[in-house]
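A.B. asks: One-letter residues, chain by chain:
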Amino acid sequence: MKLIYYPGCTLKNQARNFDVSTISSMAKLDVEVEELARWNCCGTVHALGSDNIMNRVAPVTNLIRVKEAQASEFMTTCAMCYNTLKRANIDVKKRPDALATINEFLYQEETKYQGDVDVLHLLEFLRDRIGFDKLAEKVKKPLAGLRVACYYGCLLARPKEVAFDDVENPTIMEDLITALGATPVQFPLKTECCGAYHTVDKPEIIAERTDKIMGSAHEEQADLVVVSCPLCAFNLDFRQDDARRLNPDFYHLPVLYFTQLMALAFGCDDTALRFDLHHIDPRPTLAGRGLA
Amino acid sequence: MNTTLHISSPRFGGTFVAKIEQVSGQKLLACYQCGKCSAGCPMAAHMDVLPNRIIRMAQLGMEKQLLATRAIWICVSCMTCNSRCPKDIRIAEVIEALRQTVLGTVNRDDQLKIQALSPEAIGALPPIALISALRKQTS
Ligand code: SF4
Ligand code: SF4
Chain V
1 MKLIYYPGCT LKNQARNFDV STISSMAKLD VEVEELARWN CCGTVHALGS
51 DNIMNRVAPV TNLIRVKEAQ ASEFMTTCAM CYNTLKRANI DVKKRPDALA
101 TINEFLYQEE TKYQGDVDVL HLLEFLRDRI GFDKLAEKVK KPLAGLRVAC
151 YYGCLLARPK EVAFDDVENP TIMEDLITAL GATPVQFPLK TECCGAYHTV
201 DKPEIIAERT DKIMGSAHEE QADLVVVSCP LCAFNLDFRQ DDARRLNPDF
251 YHLPVLYFTQ LMALAFGCDD TALRFDLHHI DPRPTLAGRG LA
Chain F
293 MNTTLHISSP RFGGTFVAKI EQVSGQKLLA CYQCGKCSAG CPMAAHMDVL
343 PNRIIRMAQL GMEKQLLATR AIWICVSCMT CNSRCPKDIR IAEVIEALRQ
393 TVLGTVNRDD QLKIQALSPE AIGALPPIAL ISALRKQTS
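One line per chain: the protein sequences are V and F, in this order.
Going by my numbering, the first residue of the first sequence is number 1, and it counts up by one from there.
Going by my numbering, the first residue of the second sequence is number 293, and it counts up by one from there.
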């Protein structure tokens with residue numbers, strides 16, 4: 001099986017662990033991921049203003065590239081890219097006038113976008129196209145005993161039209177984790193916002209968010225937290241020292257991408273995991289469960 | 293005993309209200325002030341004016357006061373309010389329209405001063421953080 005893959009900017013920078021673990025674990029599932037040729041930044045946030053046509057150009061250009069690759073669908077793992085590309089796609093499908101303006105602006109593109117591409121997130125691809133029961137058959141090293149808090153943040157759950165699971169209590173990542181042999185914990189703050197881009201100039205907000213969210217995972221006795229967004233990962237992992245300064249009782253926990261747990265369970269080697277890129281090193285925790 | 297409360301505002305239904313409704317695509321008068329948006333807002337603790345009050349002030353056309361709030365820059369468009377509003381009002385879109393109004397004025401009042409950040413701080417940040425912060429807070 002072949003699948004067009006849109007990595008996005010951060011997976012080629014700070015989140016290379018997300019990129020390599022995605023490609024390696026998909027290979028174990030006999031899915032050949034082909035990186036989209038000439039992809040560009042999605043813009044990271046959907047333009048909420050109805051008159052902001054300009055910010056819809058970047059996502060639509062990517063949809064044109066997918067058509068140029070002779071495909072009608074593609075997959076991304078970054079929750080932020082997924083959300084932005086999917087919302088722009090829904091929006092221009094509903095508004096032919098806006099789409100016409102964008103196509104006109106992109107007059108140098110031979111291919112015109114006509115709303116004929118589907119945006120998929122890797123989690124829904126795994127559930128709907130592979131199946132978690134089939135995926136479980138590929139597990140070489142079951143993650144037995146590992147207690148995992150699945151964090152969705154905002155972008156996989158909201159708004160309703162992009163969500164591929166329940167908006168208030170999604171469980172798709174828990175189902176995946178269970179298929180890998182791990183134990184998902186209850187996690188009431190799984191869809192609470194991490195503070196997102198306030199990490200740039202309002203670190204005090206991120207410290208408060210990280211303390212609250214990671215604290216809730218710790219209360220549920222999670223060994224680690226898994227995410228699907230490199231911005232959530234940055235805030236919840238790299239801002240833990242700020243959370244500790246805010247709350248001396250803050251307990252450090254590692255933050256992993258769900259694809260890293262897949263790669264680990266499928267028996268991929270260290271080059272597919274890149275645990276060296278984390279702030280809180282997950283290796284001692286994994287070793288404690290006999291997994292590293 | 294019946295109490296009747298009369299609210300009047302010279303700006304009610306004015307051009308500012310019409311513009312916010314148009315850019316956000318929302319009918320502001322649909323809001324009946326239940327407060328559910330503010331109850332679930334993860335940023336409420338950091339806001340000077342809560343989301344339900346932002347909607348109320350927008351209904352009343354309180355342009356100057358609204359555009360001067362810190363809250364419109366604290367809202368991160370997490371969409372929690374949108375997904376829970378019993379009247380299906382997209383509060384996040386209304387707040388985006390308010391931000392865009394500030395950024396679209398002649399002063400182009402950018403809220404993120406990237407020059408104020410050290411090169412080390414910028415280097416440590418992932419592209420996803422910098423790009424989203426700039427898209428949301430600069431003109
Ligand atoms: S949840 Fe909706 S109806 Fe209730 S106060 Fe907020 S905007 Fe108004
Ligand atoms: S979108 Fe903004 S106002 Fe609404 S809940 Fe999120 S941060 Fe609060």
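No wet-lab data here; the hints were simulated from the structure.
Be aware that one or more of the hints could be misleading.
[Claimed, not checked] These stretches of chain V come out as covered by chain F in the derived footprint (C-beta under 8 Å, 3 or more residues):
#: 1; segment: 37-44
#: 2; segment: 65-71
#: 3; segment: 189-195
#: 4; segment: 283-291
[To be verified] Below are the SDA-like pairs computed for lysine to any residue, each with C-alpha atoms no more than 20 Å apart in a straight line:
#: 5; chain 1: V; residue 1: Lys94; chain 2: F; residue 2: Gly415
#: 6; chain 1: V; residue 1: Lys12; chain 2: F; residue 2: Gly415
#: 7; chain 1: V; residue 1: Lys202; chain 2: F; residue 2: Ala337
#: 8; chain 1: V; residue 1: Lys2; chain 2: V; residue 2: Lys94
These numbers come from a predicted model, not from an experiment.
Glycine included, C-beta positions come from ideal geometry on N, C-alpha and C.
A.B. asks: So which of the earlier hints does this model not fit?
C.D. replies: Those not satisfied are hints 2, 4, 5 and 8.
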